[in-house]
Amino acid sequence: MKIELTVDGLQVKEAVKANETLLHFLRRLGLTQVKEGCGVGDCGSCAVLIDGVARNSCITFAEDVAGAQITTAKGMGNPTEPSTLQRAMAEEGGVQCGFCIPGFLASTQEVLNKNKRPSKKDFATALDGHFCRCTGYINQEKALERTVFESAPTCSCLCEQEQEKRKRDCKDGLSCVSHSVKKVDAFSHACGTSRFVEDVPQARDALVAKVLKSPLAHAKIKSINVERARSLPGVHCVLTYKDVPRIPYCTAGQGAPEPSPHDRFILDHKVRFVGDRVALVAAETEEQAEDALSAIEVEYEELEAILSPEDAMKEGAPVIHDEEEAYAILPILYKKEINRVSRAEVEVGSVEEALKEATHVVAGEYQSQIMHHAMVEPHVCLTFLDEHDRVVIRTATQVPFHARRLTAQALGMEIKKFRVVKPRVGGGFGGKQEVILEPLCALLTLKTRRPVLLRYSRAEEFSAGRTRHSQKVRVKIGANEKGELTAISMKVLENTGAYGGHAHTVLCNAGCKTLPLYRCPNISFEGDSVYTNLPVAGAFRGYGAPQAYFALESCMDELAHRLDICPVELRKKTTIRSGESSPIWEVLGEGKQGIKQVLGSCGLEECIENGARLIGWNKRSELTRTGRFRQGMGMSTHLEGSSVPEVDMASAAIKMNEDGSFNLAMGATDLGQGSDTVLAQVAAEILGVQIDDIIVRSSDTDLTPFDVGAYASSTTYLSGNAVKNAAQKVRRQILAVAARELGRPFELLELKDKKVISADGTELSLQRIGAISLYEDEQFQIASFGSAISHSSPPPFGAQYALVEVDVLTGFVKVLHYVATVDCGRAINPRLAKGQMHGAVAQGLGYALTEEMCFDDKGRLTNGNFSEYPVYRMIDMPRVSVVLVDTVEESGPFGAKSIGEVGLCGALPTIGNAIFDATGVRLLRAPFTPERVLAALGAAGVKA
Amino acid sequence: MSATSAFSCPESFARLFELLAEPNAVVLGGGTALVGQTRRRKRHLLSLKKLGLDFIKFEESTVEIGAMVTITSLINCDSKGHSGLELLQQAAKRLASTFIRNAATVGGSTVACFRWSDLPAALLASDAKMNLSLADGSEKEVSATEFFKKHPARLFRQGAILRSLSIPKREGIGSFFKMSPLTYGYAIWDVAAFKPKEGAGAKVAISAGVSLPRRLSLLEKGLDDGVSDRKEIEELACKDLAQLKIVGSRTVSKEYRTIVAPVILADTIERVLAEKGGINED
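Protein sequence lines, in the order shown, are assigned to chains A and B.
So for the first sequence, the numbering used here puts the first residue at 21; every next one is plus one.
So for the second sequence, the numbering used here puts the first residue at 2; every next one is plus one.
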C-alpha cells in the first residue's frame with residue numbers, strides 16, 4: 021500500500037511493504053543520512069525525529085508512522101548552511117568517523133526543541149541509546165554546551181600548559197601544523213552528507229548478497245544442495261566451494277609477503293567456527309537472498325570443536341587446518357599439525373640466572389578476553405563493473421591497496437583488473453585491516469555482471485567479523501635491592517581463532533611493544549599463537565600490546581608493592597629514557613627480526629608527573645579503604661610504536677592548480693581518525709597555504725599512490741613523511757618559477773601566506789605562479805610524488821591513572837576519574853590528537869570492565885548484541901582528563917609520532933592496579949566484571 | 002519464504018477482534034521488540050494506535066494507564082503525588098534507551114514480559130491491576146501477581162488484549178533498583194519495593210534473574226512488621242529467594258545473581274525505610 025508522510029518538509033507518497041522498516045524506507049527514498057549500525061535499536065545511528073520525537077528507524081515499521089513528520093539530518097542543515105548544532109559539532113571536533121552522527125543529531129535536536137537550557141545530564145540521558153565508538157564523547161559534550169549557550173567556538177581544547185606550547189610553536193613559524201583546525205570532512209559528517217559505501221546510487225540498484233553461515237564450530241560439509249535456492253525468484257547466483265577457485269590466501273592486510281599463513285579459501289568444504297562461510301547468494305532483494313539461504317540444504321559431519329588454546333595444543337587434538345594447501349611463506353614456525361600458527365622465542369642476556377640472583381621476584385599470569393571492535397559501521401562492500409569490465413570495489417577498508425592485491429590473489433586474477441575505492445569509513449580500529457568481503461562480492465559481480473552489495477548485519481559482525489586476540493600472558497620480573505630491574509620474562513599463549521591472519525604479528529607485538537619500556541639487561545620473550553574453533557581474531561587497536569601490558573604493568577605494580585616503593589617512583593626509576601636503546605627492538609620485530617634503534621624523543625617522565633598531579637596521587641593515602649565502598653588509585657605506563665620499520669611504506673602526490681590551491685592524493689586511509697586533515701596540514705605548512713587550499717583525495721587505487729594503509733600507528737608518522745617529501749619537492753618547483761620570474765636568487769625566497777616573498781620584499785602570489793606555469797612561460801605542471809619508508813619506529817609514550825570505587829558486596833567497580841597522558845611528539849592537530857585519546861579511553865574502560873564476547877560449550881557466541889555486550893555511552897563516562905605532552909621527534913614530520921594505539925594500552929592494568937589499591941586483591945582475568953571482582957574478593961576473604 | 006505481511010490499524014475493538022481471529026495476527030504496541038522478529042515471518046500486524054488507548058486517567062482511588070501510552074509519556078506525566086505511579090515511573094526511566102522509551106508502550110512492555118523487561122517488578126510492587134478486553138466484548142481485571150504467575154502470553158491466546166493498567170492510589174514510598182553493568186543493557190536484577198505511609202501492605206518484587214517476576218512475601222511481611230536491621234532484611238531476602246528459581250543468563254551466572262540479590266534487595270529497602278525512594282541513577 022501507499023503511505024503519505026512528510027520527510028524533511030517534503031510531502032512523500034510512496035508504496036511500502038507491511039513489514040518494511042522506516043530505516044529501509046527512508047534509504048530507499050535516497051535519504052542516505054539515515055545509517056544502519058545494528059538493525060535492532062541498540063546503537064542509535066538510525067535515529068530520526070518522528071513528529072519531533074527521536075526514535076530508532078530500524079525498529080519502526082514505516083507503515084506505523086504514516087502521516088507523521090519525519091526529520092533526518094538532511095532536514096536540519098547542510099554543509100553550506102549548517103544548523104547551530106551541526107556547526108558546533110564540526111568545529112568542536114564532535115565528529116570523527118561521522119557514521120553515528122545523524123542519529124546523534126536527532127536525539128540532541130529533540131532535547132533542544134523541548135528545553136532551552138538542557139543540562140549535560142539531559143543530553144546524556146537523551147543519548148543513552150546512542151553510542152559513538154570514536155570520540156569518547158568529550159568534544160560532543162563541548163559542542164552541545166556551545167549550542168545551548170550559543171557561545172563562541174572554544175579556541176582550544178587544551179589546558180594552559182598546552183596552550184603555552186602552541187604559542188611557542190606559532191613563534192616557531194608554524195601556521196597550520198600544531199593548530200586545532202577542523203577536520204576536512206567535519207561539516208559533511210556533521211550534516212550527514214558524507215558518503216559511505218552504501219550511500220551511492222549503485223547500491224540501490226545492486227543485487228543483495230548474503231552469506232550462509234555455519235551453525236557448527238567444526239565440521240566437514242558432507243553434501244550441499246543448492247538447486248532449490250537457485251530456482252527461487254530473484255536469485256541470480258548461488259555459490260559453494262564447488263564453484264569457486266581453491267586458492268589459499270590470507271585475509272590480513274599486511275605488507276607482502278605476509279608473515280601469516282595462507283589458510284583461507286573463498287569457500288571451503290570444511291567449516292572452522294560458528295559463522296564460518298558455507299555458501300554465497302546474490303538476489304534482487306534482501307528477502308529473496310535470505311529465502312535462498314534458507315533453501316540451501318547442507319549435511320555436515322560434525323567434528324570435535326576446540327575452544328581453548330590449551331586444548332588445541334594437547335597431543336592428539338583434532339587438527340583444525342588439515343587441508344594440504346595451507347602454508348606459511350615466511351618462517352614463523354607454522355605447524356598446522358599441532359594447531360600452531362606461529363611461535364616466537366628470543367632472549368637477551370640470561371633471564372634464568374638473573375632471576376635466581378634477584379633479590380625480589382614477582383610473577384603473575386594474566387588472561388585477557390575476546391573483544392568486539394564495535395565500529396558503528398559494519399563491514400560492507402559494493403562491487404560493480406566499469407565500462408572496461410574492470411571490477412570496482414567500493415569498500416569499508418583500512419587497507420585499500422592490500423584489499424586489491426588480496427582480492428586478485430584469492431580470485432586468481434591480475435591486480436590490474438581491480439580498482440579499490442575507500443569512501444568515508446565508519447570506524448575500523450583494526451577490524452577493517454582485513455579483507456573479508458571484497459573477494460566474495462567481486463566474485464558475485466563477475467558471475468552476475470551486476471553491482472553487488474554485501475554488508476554484515478551486526479550479528480554477523482559479531483560472529484564473522486574480527487575480534488581482539490585473547491592472550492594468557494605470564495610475566496616474571498626480577499629486581500635488585502635498589503629496585504632496578506634485573507630480569508623480565510614474558511610468555512604468551514594466544515588464541516587466534518579459526519584463521520591466523522594476524523596471529524604471528526600480534527603475538528610478536530605483545531613483546532616488542534611492551535618489553536622495551538624498561539631498562540633491563542636480561543629479557544626473554546616466548547609465545548605461541550594457536551588455532552581454535554572460535555571466531556577469527558585480527559588486528560585491534562593496540563595489536564597485542566594491551567594484553568601484554570595487563571600482565572607487565574600489573575606485575576610492576578606488584579613489584580612496587582613488594583619493594584614498598586611508590587609505583588610512580590618505580591616507573592620513573594626503571595623506564596627507558598631518551599638516548600637509550602632496548603635490545604628487544606633489535607631481536608624482536610613485528611613478524612620478523614627487529615631493528616636496532618636508539619630512543620629519540622621521550623616525554624614519559626613528564627607524562628608520569630602530569631598524570632600524578634591531575635589524579636591527585638599525593639592524596640592517595642586519604643582514600644577510603646574500609647567498609648563496603650573502597651577507593652583506590654592505580655597507574656601504568658606504556659610505549660607503542662610509529663609504523664613497522666623497514667616494512668611499511670607510504671607515498672603521496674601533490675599538484676598545484678592555477679588558483680594556488682593544491683590537490684593532495686595519497687594512499688593513506690582516513691577511517692575517522694582524521695588523517696586526511698592531519699596530512700593536509702603537513703602539506704599546507706610546507707606550501708605556505710591554509711588547509712582550505714589543500715584538496716584531499718585519499719585511498720583510491722587507480723588515482724592515489726600506494727600506501728600500506730591505516731594500521732601500526734603509521735599514518736601521521738609515515739604517510740606524514742611521504743606528504744612532507746612530496747610537498748618539499750613541489751615547494752622547490754614553486755620557488756624555482758618565482759626565482760626565474762622575479763629575477764631573484766632561489767635561496768633568498770620564502771614561501772608563506774600564499775605567496776613567494778623575496779628578501780627585498782618583492783612578492784609573487786601562488787595564483788600568479790600557477791598561471792605562469794600552466795599557461796604562460798616554460799609551461800609545466802608543478803607537481804611531485806613523495807614516498808617514505810620508516811627506518812625506525814619511534815615510540816609514543818603514555819601514563820594513565822584511575823581513581824576507582826569498589827563495592828565489595830556486589831563487585832561493581834566505578835571509575836571516578838581517569839587520566840590519560842601521552843607524548844605523541846608534536847601533535848599536528850592537538851584537538852584531533854586529544855580526540856584519539858578520549859576515544860581510546862572510552863574503549864579502554866569497556867575493555868577493562870564490561871566488554872567480553874562469551875561462548876557456550878559448542879563455540880556459539882551468546883552475547884552478540886549491544887544489550888548484552890555493554891559499550892560505554894556518554895551517560896556512563898566518568899570524568900576523563902587527557903594531557904598531551906609535547907616532544908619533538910626528529911624523524912617525524914614536524915616532530916610528530918603516532919597516537920592511534922598507545923591510548924588503549926593502559927586501561928586494563930591501570931584499573932586493575934586501582935582495584936588492588938582499593939581492596940588488596942589482584943585481578944588476573946579481564947574484564948573486571950562485577951561477578952569476577954566479587955569472586956576474587958570472596959576468594960581473598962574480603963568482606964565489608 | 003519471504004514474509005508477505007499485512008498491516009492494519011483497526012479503529013474499533015470489534016474490528017480488532019475480528020482481525021485477531023486470523024492465524025497470523027500479531028498485536029503491535031510500540032513495535033520495538035517486534036520489528037526484528039517480524040521481518041521474515043508472515044504476519045498480520047495490528048496496530049492499536051487508533052483505539053484511544055494512549056490515555057492516563059486519574060480517578061479517586063486509582064490511576065489508569067492505557068496500554069498504548071509510551072514509556073516516555075508515562076515518565077513525563079504528572080504523578081500528582083501518586084506513589085505507586087511514581088514507582089512505575091522510576092522503573093520506566095531505566096527501561097532500555099530514550100529512543101526505545103519514545104516508541105515502546107506500557108502495554109507492550111507488560112505483555113511481552115521478557116526476562117529483561119524492567120517494568121514487571123515495579124508493577125508487582127505498585128500492586129497494579131491489568132485490565133483485559135476479551136473477544137466476547139467483556140472485560141476482565143487481573144492482579145499483577147496473577148498476571149505474572151505464569152507467562153502473560155497465556156492470557157492473550159484466545160484473542161484478548163491488554164487495554165490498560167490500574168495503579169491503586171496509596172501514599173507511601175517506593176524505590177526501584179536496576180542492576181546492570183552500564184546504563185544501557187539487560188538487567189542483572191530489577192528490584193522494586195513499596196511501603197505504605199501507614200499500615201500494612203508493603204510490596205517487594207524482583208525480576209530479571211528469575212524466569213518470571215515475583216513478589217517476596219517474607220520481606221513484605223518483615224516490612225509490615227517493622228524490620229529495619231539490614232542483616233535481618235538480608236536474611237529474609239535469602240529465605241524468599243530460596244523459594245525462587247534463580248536463573249543464569251548468557252553473561253551472568255546463577256551463582257552471582259544468588260549472592261547479590263539479598264544485597265540489592267537490602268539496598269532498595271533501606272532506601273524505602275530512609276524515605277528516599279528514587280532509582281539508582283548514579
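Just so you know, not all the hints are guaranteed correct.
Which residues of chain A face chain B? A few of them, derived with a C-beta cut under 10 Å, are [unchecked claim]:
| # | residue |
| --- | --- |
| 1 | T80 |
| 2 | G123 |
| 3 | N133 |
| 4 | A144 |
| 5 | G432 |
| 6 | R893 |
| 7 | P950 |
If you're looking for bench data, these hints aren't it; they were derived computationally from the structure.
For each residue, glycine too, the CB sits at the ideal point set by N, CA and C.
Going down the list of hints, with the structure as the test:
1. Here the hint on T80/A is kept, as its CB sits about 6 Å from the closest CB of chain B, short of 10 Å.
2. The restraint placing G123/A at the interface with chain B holds, with a minimum CB-CB distance near 8 Å, inside the 10 Å limit.
3. Restraint check, N133/A versus chain B: the minimum CB separation of about 13 Å is more than 10 Å; hint violated.
4. Here the hint on A144/A is kept, as its CB sits about 9 Å from the closest CB of chain B, short of 10 Å.
5. With a least beta-carbon distance of about 35 Å to chain B, the hint placing G432/A at the interface is violated under the 10 Å criterion.
6. Hint status for R893/A: holds, given a least beta-carbon distance of 6 Å to chain B, under 10 Å.
7. Annotation: P950/A was flagged as interfacial toward chain B, and the flag holds, the nearest CB pair being 7 Å apart, inside 10 Å.
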